[in-house]
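K.L.:
Note that the sequence shown ends on residue 69 in this note's numbering; no numbers are left out.
Just so you know, the hints here were simulated from the structure itself, not pulled from any lab data.
Be aware that one or more of the hints could be misleading.
Mimicking EDC-like on lysine to aspartate or glutamate, the simulated pairs with C-alpha atoms at most 16 Å apart in a straight line are [what the hints assert, rightly or not]:
#	residue 1	residue 2
1	K25	D63
2	K35	E8
3	K25	E62
4	K18	D30
5	K35	D63
6	K67	E24
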Amino acid sequence: MRSPEEQEFWSTGVYKEIVRPEKIVQTDNFADKDGNVVPASAYGIQGDWPESILITLVFEDHQGKQN
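Using the sequences and the hints, build the whole thing.
P.N.:
See below:
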């Protein structure tokens, strides 16, 4: 990803669970361009960030469409 200021951000993660067409569970981590996990501070981001974030996407029907 590239910010409006042209700073590049890299990330990596692992798919933990895929239930088609209902749900995706994955991890997300800041990374360097080679895919090595790095702390958020490597990008100048301050605060208490976990090394890994767990993301769960749930897809539901909405007015007959998958959202």
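K.L.:
Next step is simple, just say for each hint if it's right about the structure.
P.N.:
Going down the list of hints, with the structure as the test:
| no. | hint | result |
| --- | --- | --- |
| 1 | K25 <-> D63 | 12 Å, holds |
| 2 | K35 <-> E8 | 15 Å, holds |
| 3 | K25 <-> E62 | 9 Å, holds |
| 4 | K18 <-> D30 | 11 Å, holds |
| 5 | K35 <-> D63 | 37 Å, violated |
| 6 | K67 <-> E24 | 13 Å, holds |
Consistency note: the structure conflicts with earlier hint 5 alone.
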